[in-house]
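J.: Sequence:
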Amino acid sequence: MLTLAEMAVEVLTTADGRAKTALSHAHAARWRAARAAGAPLAIGQANPPQRPARPEKPDLLDPREVPRRRPGSPLGRIALLHAVAHIELNAVDLHWDIIARFTDTPMPLGFYDDWVQAADDESKHFNLLCDCLEAMGSHYGAMPAHAFMWQAAEDTASDLLGRLAVVPMVLEARGLDVTPGMIALFTQAKETQAIAALNTIYAEEVAHVAYGSKWFNWLCGRAGDDPKEIFHALVRKYFHGNLKPPFNEEKRAEAGLPPDFYWPLVDQA
Numbered sequence: 001m002l003t004l005a006e007m008a009v010e011v012l013t014t015a016d017g018r019a020k021t022a023l024s025h026a027h028a029a030r031w032r033a034a035r036a037a038g039a040p041l042a043i044g045q046a047n048p049p050q051r052p053a054r055p056e057k058p059d060l061l062d063p064r065e066v067p068r069r070r071p072g073s074p075l076g077r078i079a080l081l082h083a084v085a086h087i088e089l090n091a092v093d094l095h096w097d098i099i100a101r102f103t104d105t106p107m108p109l110g111f112y113d114d115w116v117q118a119a120d121d122e123s124k125h126f127n128l129l130c131d132c133l134e135a136m137g138s139h140y141g142a143m144p145a146h147a148f149m150w151q152a153a154e155d156t157a158s159d160l161l162g163r164l165a166v167v168p169m170v171l172e173a174r175g176l177d178v179t180p181g182m183i184a185l186f187t188q189a190k191e192t193q194a195i196a197a198l199n200t201i202y203a204e205e206v207a208h209v210a211y212g213s214k215w216f217n218w219l220c221g222r223a224g225d226d227p228k229e230i231f232h233a234l235v236r237k238y239f240h241g242n243l244k245p246p247f248n249e250e251k252r253a254e255a256g257l258p259p260d261f262y263w264p265l266v267d268q269a
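This note's numbering numbers the first residue of the sequence shown as 1 and each following residue consecutively.
Take the hints with a grain of salt, since some may be wrong.
To be verified - Listed next, with one range per pair, are the computed distances between beta-carbon atoms: (1) GLU229 x PRO108: 23 to 29 Å; (2) LEU75 x PRO245: 48 to 54 Å; (3) GLN193 x ALA19: 27 to 33 Å; (4) GLN151 x THR187: 31 to 37 Å; (5) SER73 x ARG236: 36 to 42 Å; (6) ALA34 x PRO55: 50 to 56 Å; (7) ARG222 x ASN47: 24 to 30 Å; (8) ARG64 x ALA196: 30 to 36 Å.
Hints are computed from structural coordinates only; laboratory data are not their basis. Glycine included, each C-beta is placed from N, C-alpha and C at the ideal position.
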């Protein structure tokens, strides 16, 4: 019987996006079934790769080299969905990686419940977007993408608090800010399949930011530290760039992320 950490590494070392997400769904179902039966799988220990396996395409470029396309055109909308699909595939790996990489830190089973659920959600999101791309005559891998999100994983590979601060509480929170604008763009274009996919993603990403906020605050509380001060220090240390308004303050609050966490970081490099 595989441990949860070993299952996570299986996902991380599977290259093809559809195969990766199928395995992610299967392992999430296995974890939930064992939990429901009152016999949770062992967390165990494993050696996650520094970088997850990836298909030959898309080519991964520096973010500044990824071609920009006008989102108002059909090709621009395909490019936008391709970029979001790439983010979602990275998120599948990020959530399994947090499970496998930090097993030396004792955490309640609820921590693993949350990140297994998040990985399962992201797997669904990736496939929804792939379906959209294929319905529009394209596919994942047809365009170049960037490796920016995984840089955050490498930077925080030995710092669980840093990982929680930068990935769910900064990068995924940014998704809450920008997704309404994407939904409006596809609504204007009457792209109903993409609208449905983005609405699903928008609704479920709130929980992923909330998982980050919950466990960040929990760890700070266990250590007797001020979460806001620790968050500011870690974002300044690990996040490359500025936090940029406008912020979706309503959804961020719903996810347990108050304004005094992120507004003071707007002018920080």
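J.: Holds or violated: 31 to 37 Å for the Cβ distance of GLN151 and THR187?
T.: holds, 33 Å
J.: Lying within 50 to 56 Å: is that true of the beta-carbon distance ALA34 to PRO55?
T.: Between ALA34 and PRO55, where Cβ atoms are some 30 Å apart, the hint is violated.
J.: For the pair GLN193 and ALA19, does the Cβ-Cβ distance stay inside 27 to 33 Å?
T.: violated, 23 Å
J.: Between the beta carbons of ARG64 and ALA196, is the distance compatible with 30 to 36 Å?
T.: At roughly 32 Å between Cβ atoms, ALA196 and ARG64 fall inside 30 to 36 Å, so the hint holds.
J.: Just to be sure I understand the hint, the distance between the Cβ atoms of ARG222 and ASN47 should be within 24 to 30 Å; is that true here?
T.: holds, 26 Å
J.: That 23 to 29 Å hint for GLU229 and PRO108 (C-beta), does it hold up?
T.: holds, 24 Å
J.: Does the beta carbon distance between SER73 and ARG236 stay inside 36 to 42 Å, or does it fall outside?
T.: holds, 38 Å
J.: Does the beta carbon distance between LEU75 and PRO245 stay inside 48 to 54 Å, or does it fall outside?
T.: violated, 29 Å
Against the hints set out earlier in the document, violations occur for numbers 2, 3, 6.
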